[in-house]
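Protein chains: 2
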Amino acid sequence: MKNNIVKMAQEAKKASRILAHLSSQKKEEVLLLMAHLIKENGEKIREENERDLKEAKEKKLSPALIDRLTLSNSRISKISISLREIAQMEDPIGKIEKMGRRPNGLLIGKMTVPLGVIGIIYEARPNVTADAAALCLKSGNSVILRGGSEALNSNIALTDLLQEALYQSDLPQASIQLIRTTDHQTVMEMLKLNEYIDVIIPRGGEGLIRTVTENSTIPVIKHYQGVCHIYVDSNANLRMAEEICFNAKVQRPGVCNAMETLLVNEKIAGEFLPLMIKRFTEAGVEIRGDEMSQRIVPEITLASEEDWYTEYLDLILSLKVVRGIEEAIEHINHYGSGHSDAIVTESYSQAGKFLNEVDSAAVYVNASTRFTDGGEFGLGAEIGISTQKLHARGPMGAAELTSRKFIIFGQGQTRK
Amino acid sequence: MKNNIVKMAQEAKKASRILAHLSSQKKEEVLLLMAHLIKENGEKIREENERDLKEAKEKKLSPALIDRLTLSNSRISKISISLREIAQMEDPIGKIEKMGRRPNGLLIGKMTVPLGVIGIIYEARPNVTADAAALCLKSGNSVILRGGSEALNSNIALTDLLQEALYQSDLPQASIQLIRTTDHQTVMEMLKLNEYIDVIIPRGGEGLIRTVTENSTIPVIKHYQGVCHIYVDSNANLRMAEEICFNAKVQRPGVCNAMETLLVNEKIAGEFLPLMIKRFTEAGVEIRGDEMSQRIVPEITLASEEDWYTEYLDLILSLKVVRGIEEAIEHINHYGSGHSDAIVTESYSQAGKFLNEVDSAAVYVNASTRFTDGGEFGLGAEIGISTQKLHARGPMGAAELTSRKFIIFGQGQTRK
Chain F
1 MKNNIVKMAQ EAKKASRILA HLSSQKKEEV LLLMAHLIKE NGEKIREENE
51 RDLKEAKEKK LSPALIDRLT LSNSRISKIS ISLREIAQME DPIGKIEKMG
101 RRPNGLLIGK MTVPLGVIGI IYEARPNVTA DAAALCLKSG NSVILRGGSE
151 ALNSNIALTD LLQEALYQSD LPQASIQLIR TTDHQTVMEM LKLNEYIDVI
201 IPRGGEGLIR TVTENSTIPV IKHYQGVCHI YVDSNANLRM AEEICFNAKV
251 QRPGVCNAME TLLVNEKIAG EFLPLMIKRF TEAGVEIRGD EMSQRIVPEI
301 TLASEEDWYT EYLDLILSLK VVRGIEEAIE HINHYGSGHS DAIVTESYSQ
351 AGKFLNEVDS AAVYVNASTR FTDGGEFGLG AEIGISTQKL HARGPMGAAE
401 LTSRKFIIFG QGQTRK
Chain X
1 MKNNIVKMAQ EAKKASRILA HLSSQKKEEV LLLMAHLIKE NGEKIREENE
51 RDLKEAKEKK LSPALIDRLT LSNSRISKIS ISLREIAQME DPIGKIEKMG
101 RRPNGLLIGK MTVPLGVIGI IYEARPNVTA DAAALCLKSG NSVILRGGSE
151 ALNSNIALTD LLQEALYQSD LPQASIQLIR TTDHQTVMEM LKLNEYIDVI
201 IPRGGEGLIR TVTENSTIPV IKHYQGVCHI YVDSNANLRM AEEICFNAKV
251 QRPGVCNAME TLLVNEKIAG EFLPLMIKRF TEAGVEIRGD EMSQRIVPEI
301 TLASEEDWYT EYLDLILSLK VVRGIEEAIE HINHYGSGHS DAIVTESYSQ
351 AGKFLNEVDS AAVYVNASTR FTDGGEFGLG AEIGISTQKL HARGPMGAAE
401 LTSRKFIIFG QGQTRK
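So the sequences go chain by chain: F and X.
Here the first sequence stands for residues 1 to 416, where the numbers follow this note's numbering.
Here the second sequence stands for residues 1 to 416, where the numbers follow this note's numbering.
Chain F extracted, bound-state conformation (with noise of 0.2 Å):
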């Protein structure tokens, strides 16, 4: 089936006026029964997401990525709690804040807004159809996606029982669209459509990043890789240290928020690495590491300079034994992807110094970096975690997709 992109974009923009004046209580019905929907009809959601898989084996695609394509029961059913849950979380439109009068009566306050038309560009997982879809719907916006290639079946399947809650309710289908095909062509036409299309939100990695900064005429929100960082400061509880340090990059190497890079400061290296890199190395991390951790542990191989650039996503991890604070903190601001980063340290004023000074979007004292998660920050769930500092920095949950307005309520009044 051919897109026309122009045609979805101003169907789109047709369906967002209406869903910005919805009711909560409408939104909530929609989406509980699309939670419904999704968890009635599991069986053909996994038909077709053995397509996916059959191809996807066909091609020899890596275990770990045929691991996130795959809708088995369970996922199915999380993503019908999920929706569920969204369903049940405030309502973020029509919030006023800082309302107040002014010296010549007027009431000036900004309430909370839709975005209008949200583009979202993303990866294999198809649970993000679902839960992308209904962040849109839940802040008052539509939604324009484009999932990977391998998921298309399976983003198929789920569009049509989300299009099917909204016909069933009587809103527009071009409420929720799914670009259904794979061409590359479809995508960069879309990113020149800032006529009706207020924002686009790219998943993925640089090239993806890459491509749609330098061709969109849309604002964008990137969601860029991590390469997040934990620096072992010398005042360091080193139990503590060994703990963060494995739990952030052994427990989900392959997420967003697993650490990359670990600076250990040379004052306490000599006793904290030995015991650390044995850990690493029986639970089969493979250690990059400087000169200086090189003379400490000698079996280590050398890091590369593109290694402190590198997201691994992998049982891999770059070591470097910094001097100090101002190195590490230096370290991670040049080679960082201002994701998610760590001090351990009981020091009260290196704690302060790096959670003042590191640029990123999640700044931890004395925890593991696997925490950056809209679940886990409170947000309930989270359309993805955003790298940039316009608009929304770290986990985006629904109230992150709206914008502002300023309401003035006059009594005839005129400027002098």
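These are computed hints drawn from the structure, not numbers from a lab.
Quick caveat, the model's predicted, so the values are computed rather than measured.
There's no promise every hint is true.
The list cannot tell twin chains apart, which means a pair is met if one copy fits it or any two copies do.
To be verified - Calculated cross-link-like contacts (lysine-lysine; reagent style DSS-like; alpha-carbon spacing at most 30 Å):
no., residue 1, residue 2
1, 95, 110
2, 44, 78
3, 110, 98
4, 98, 26
5, 78, 98
6, 78, 57
7, 26, 78
8, 44, 26
9, 60, 26
10, 26, 39
11, 353, 110
12, 110, 14
13, 14, 267
14, 95, 14
15, 59, 14
16, 416, 353
17, 353, 13
18, 54, 78
19, 13, 26
20, 54, 39
21, 54, 98
With the hints as your guide, set chain X onto chain F.
Just chain X, lined up with the frame of chain F:
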């Protein structure tokens, strides 16, 4: 003097790391010193401004533009007063919000931080140079300014004084830089420097905004034109409507929050329009109306399709008689620029409908659109008025030049 814009941007980035951690007191001192130096060097600024004015007159630029370009003694004094006011405003950096404890004991909050490096592209008024630079400094950002070519000598004189204040305060002069040439190429190069510059703020007309949007790989906050509307409802107090409409069109027609299009409900058009148009005509306002309004007041000329999109910035007004609020809202959302729009009505439900459904940065009930302004809204000075939805919408003060980062305090928490 040739610009090396890459070097300027690199230096600005370095400077931004220092500005980000300046104490509130230090920022206040520097801004007061700037105010002092500008006041003391009025004669020098006037001399350089005279050079700009001489060229402008030779080029036969419009009297309105020459007026905007002129720095009289009282305007220079106003620049100094504005710097003093910004100095004494509350520091927008380091504010912590939504701090709370999660079930696992993590203490999570959001802290305001500077955006980093801001590029501002603006037009003739030289006072913007000082205001924008001061607001960026207040919010811990470094700034690269690109003013209009007509004001180059004035802008250089002002920037030299601001940089002198930085120098005397032991701060990097790259905190505030001016592009000291007027070529197009330097701006085009700047728009690609997303490695160093965090946001671009273009203030100007359609051509500038389109060029920036299409060429920038840096996130953009658009400051586009104001095609502002007033809708006079069938339930309006017509005396109040007359005062508001007259104020919004005539009090200062050359600014972005002035009314450009008047929409009048057909039920009261016959009563309202003859008197209103008489008053406008006496004030020298040219009226371009639709056929319905021409039937009521035959002497007015017919508006073209283009007129409905036009920001006249002059004593010209588009006029349309509409069947009701639906048609008014549709017209505004279609032809407007999302700046400032007002309804005049005594109807509670019509007021609510207009506030909800008009998709603009500032939506008014029973007041002149002329109030859309950082000062009038209580933000202190403003860097401009954003007409986009992402990040900041409407008047932007120092607080809108910030981002937020999550700060997380743990006691050794790891993810299960």
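Cross-check of the supplied hints:
Taking the closest pair of Cα atoms, residue 95 and residue 110 come within 30 Å of each other both inside a single copy (8 Å) and across two copies (19 Å). For a Cα distance limit of 30 Å, the shortest separation of residue 44 from residue 78 inside one copy, 16 Å, qualifies, whereas the shortest one across copies, 70 Å, does not. Taking the closest pair of Cα atoms, residue 110 and residue 98 come within 30 Å of each other both inside a single copy (6 Å) and across two copies (18 Å). Proximity of residue 98 and residue 26 under a CA criterion of 30 Å is satisfied in both settings, with 27 Å inside one chain copy and 29 Å between copies.
When the C-alpha separation of residue 78 and residue 98 is checked against a cutoff of 30 Å, the pair qualifies only between copies, where the shortest distance is 29 Å, while the shortest distance within a copy is 38 Å. In this assembly of identical chains, residue 78 and residue 57 lie within 30 Å of each other by CA distance solely inside one copy; the values are 24 Å within and 71 Å between copies. For the identical chains of this complex, residue 26 and residue 78 are intra-copy neighbours only, at 23 Å inside a copy versus 53 Å across copies, given an alpha-carbon limit of 30 Å. For the homomeric pair residue 44 and residue 26, the shortest alpha-carbon distance inside one copy (27 Å) is at most 30 Å, but the shortest distance between copies (65 Å) is not.
In this assembly of identical chains, residue 60 and residue 26 lie within 30 Å of each other by CA distance neither inside one copy nor across copies; the values are 44 Å within and 61 Å between. With identical chains, the CA atoms of residue 26 and residue 39 are at most 30 Å apart within one copy only, with a shortest distance of 20 Å there and 60 Å across copies. In the homo-oligomer, the alpha carbons of residue 353 and residue 110 lie at most 30 Å apart only across protomers (16 Å), although the nearest pairing inside one protomer, at 34 Å, exceeds that limit. Only within a single protomer do residue 110 and residue 14 lie at most 30 Å apart by alpha-carbon distance; the minimum there is 24 Å, versus 35 Å between protomers.
With identical chains, the CA atoms of residue 14 and residue 267 are at most 30 Å apart between copies only, with a shortest distance of 29 Å across copies and 62 Å within one. With identical chains, the CA atoms of residue 95 and residue 14 are at most 30 Å apart within one copy only, with a shortest distance of 23 Å there and 39 Å across copies. Taking the closest pair of Cα atoms, residue 59 and residue 14 never come within 30 Å of each other, the shortest separation being 40 Å inside a single copy and 47 Å across copies. Proximity of residue 416 and residue 353 under a CA criterion of 30 Å is satisfied inter-copy only: 28 Å between copies versus 49 Å inside one chain copy.
Taking the shortest alpha-carbon separations for residue 353 and residue 13, only the inter-copy value of 19 Å comes in at or below 30 Å, while the best intra-copy value is 46 Å. In the homo-oligomer, the alpha carbons of residue 54 and residue 78 lie at most 30 Å apart inside one protomer (23 Å), although the nearest pairing across protomers, at 72 Å, exceeds that limit. Taking CA atoms no more than 30 Å apart as the test, residue 13 paired with residue 26 passes inside one copy only; the shortest distance there is 20 Å, against 48 Å between copies. In this assembly of identical chains, residue 54 and residue 39 lie within 30 Å of each other by CA distance solely inside one copy; the values are 23 Å within and 75 Å between copies.
Taking the closest pair of Cα atoms, residue 54 and residue 98 never come within 30 Å of each other, the shortest separation being 55 Å inside a single copy and 46 Å across copies.
In this structure, the earlier hints numbered 9, 15 and 21 are contradicted, and the remaining ones agree with it.
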